[in-house]
Amino acid sequence: MLELFTELFLLIGGVFALIGSIGLARLPDLFMRLHGPTKATTLGVGGILIASMLHFGGQGEGLSVHELLVTLFLFTTAPVSAYLVARTMLHLRGKSVDTGMGRHHPADKEAS
Amino acid sequence: MLIVAMPLAFGCITLALLLNFWRLVRGPGRADRILALDTMYINTVALLVLYGIHQNSSVYFEAALLIALMGFVGTVALCTYLLRGDIIE
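Residue numbers (the working numbering), protein chains in the order written: chain A, 5 to 116; chain B, 6 to 94.
FYI, nobody ran anything at the bench for these hints, they're computed from the structure. Errors might be hidden in some of the hints.
Facing chain A, from chain B, some residues (calculated, C-beta under 7 Å) [said to hold, decoys possible]:
1) Ala-21
2) Ile-47
3) Ala-51
4) Ile-58
5) Leu-70
6) Leu-71
7) Ile-72
8) Ala-73
9) Cys-84
10) Tyr-86
Since the model is a prediction, treat every value here as computed from it, not as a measurement. Built from N, CA and C at the ideal position, the CB exists for glycine as well.
Take the sequences, apply the hints, and build the full model.
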C-alpha cells in the first residue's frame, strides 16, 4: 500500500517537473517562460520529496528530516529567485533595443 | 520494488534536464539563461533525491541540500550583477 503511494508520488513529481521544463523550452514569450519552472517544477520536486519521505519512512527508521529541510528551502527560495529573474527581465528589456536582448550591454547604451 | 515508477521518473527528469540545457544554450536573452540554470539546479536536486531512493541511502540528501543552497546563491548573484552591475555593494 505504502509502495503504491510512493510510486504514485514519484510519477506525479516526474511528470510535473517535465511539464515545467517543456514550458520553459516551448513557450514563446520571456514572461510566459517564467511560469513553467517556478510553479510546475517546484511542485514536481515536492512530489519526489514526498515519495522519498514515504519510502524512507516505511523502513521503520522514523520520519527523516532531511527531505523536510530540502522541501522547506526549495519552497521558500523559488518565489525569491522568480522575483529576481522577473526584475532582471524587466530591467534588461527596458534598456535594450527591440527583442535582441543580450546584443548590447545596458551600460554601453548609457555611456553613448 | 518500485520497478514501474522509478525508470519513468528518471526518464522524465533526464528529459527535463535536456530541455533546460537546450534553453540554456539557445535562450535569446541573459535572463532566459539564468532562468534555465536555476531550473537545472532544481531538477538536479530532484535527480539526486531519486538516486538516493534508488540506492536506498540517505547520504544524497546532503548533496541535494548543498546544490539547492548553491543554486539559490548563484541565481541571486547573477541577477544582482545584471541589475546593479555589482554583486557586493
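Using 7 Å as the Cβ threshold, decide whether Ile-72(B) counts as touching chain A. 10 Å, violated
At a threshold of 7 Å, is the proposed contact between Tyr-86(B) and chain A supported by beta-carbon distances? 9 Å, violated
Hint Cys-84(B) vs chain A: min CB-CB distance below 7 Å? 4 Å, holds
Tell me if the interface restraint on Ala-21(B) is satisfied: Cβ within less than 7 Å of some Cβ in chain A. Holds. Min distance 4 Å.
Taking 7 Å as the limit, does the beta-carbon of Leu-71(B) come near enough to a beta-carbon in chain A? This interface hint is violated because 10 Å lies over the 7 Å limit.
May I ask you to test the interface hint for Ala-73(B) with respect to chain A, counting a Cβ-Cβ separation under 7 Å as satisfied? Result: holds, 5 Å to nearest chain A Cβ.
Is the interface hint satisfied for Ile-58(B)? The criterion is a beta-carbon contact with chain A at less than 7 Å. This interface hint holds because 5 Å falls under the 7 Å limit.
Per the CB criterion, is Ile-47(B) less than 7 Å away from chain A? Status holds, d = 5 Å.
Any CB of chain A closer than 7 Å to the CB of Leu-70(B)? 5 Å, holds
So, Ala-51(B) near chain A? Judge it on the closest CB pair being under 7 Å. 5 Å, holds
Checked against the numbered hints listed earlier, the structure breaks hints 6, 7 and 10; every other hint is satisfied.
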